[in-house]
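Using the sequences and the hints, build the whole thing.
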Amino acid sequence: MEFKLVERGTNYFAFEYEENGEMLAEITWNEHDGTMDMTHTFVSPKLRGQGVAKKLLEKAVAYAREHQYKMNPICSYVVAEFQKGEYDDVKA
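For the sequence shown, our numbering assigns the number 1 to the initial residue and increments by one for each residue that follows.
If you are wondering where the hints come from, they were derived from the structure by calculation, not from laboratory data.
Heads up, some of the hints might be wrong.
As the list claims (entries may be wrong) - Here are the in silico distance ranges between beta carbons for each label pair:
| hint | residue 1 | residue 2 | range |
| --- | --- | --- | --- |
| 1 | Gln50 | Glu86 | 26 to 32 Å |
| 2 | Gly51 | Ile74 | 18 to 24 Å |
| 3 | Lys46 | Asp88 | 30 to 36 Å |
| 4 | Glu22 | Glu66 | 16 to 22 Å |
| 5 | Ala62 | Arg8 | 18 to 24 Å |
As the list claims (entries may be wrong) - Listed next, the in silico DMTMM-like pairs over lysine to aspartate or glutamate satisfying Cα-Cα at most 20 Å (straight line):
| hint | residue 1 | residue 2 |
| --- | --- | --- |
| 6 | Lys4 | Asp88 |
| 7 | Lys55 | Asp33 |
| 8 | Lys4 | Glu22 |
| 9 | Lys46 | Glu22 |
| 10 | Lys4 | Glu58 |
| 11 | Lys54 | Asp33 |
Here a beta-carbon is modelled for each residue, glycine too, at the ideal position from N, C-alpha and C.
So, in structure tokens, the structure goes:
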């Protein structure tokens, strides 16, 4: 499964997964001042239970680390994952 980085608007980005033109998974954020506000995570029922949301988050975390950004968890999934302490190095 390969996630595509997409710029959806001014300072608005996503990693997404599409199959046959159908959006099946995405994680979105707004960038500002070296911070990524993690606003939304979606996984289609077709893919749920396969760890896709975690893979999306891992991709976003790798992006943050590569660009030396911090991440502000806003969406409920990212908030829950950040509470586990695994991503403290990128938490805003």
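Here is how each hint holds up against the structure:
no., hint, in the structure
1, Gln50 x Glu86: 26 to 32 Å, "violated, 19 Å"
2, Gly51 x Ile74: 18 to 24 Å, "holds, 21 Å"
3, Lys46 x Asp88: 30 to 36 Å, "holds, 33 Å"
4, Glu22 x Glu66: 16 to 22 Å, "violated, 29 Å"
5, Ala62 x Arg8: 18 to 24 Å, "holds, 19 Å"
6, Lys4 x Asp88, "violated, 25 Å"
7, Lys55 x Asp33, "violated, 25 Å"
8, Lys4 x Glu22, "holds, 13 Å"
9, Lys46 x Glu22, "holds, 11 Å"
10, Lys4 x Glu58, "holds, 13 Å"
11, Lys54 x Asp33, "violated, 25 Å"
Violated hints for the displayed structure, listed by number in ascending order: 1, 4, 6, 7, 11.
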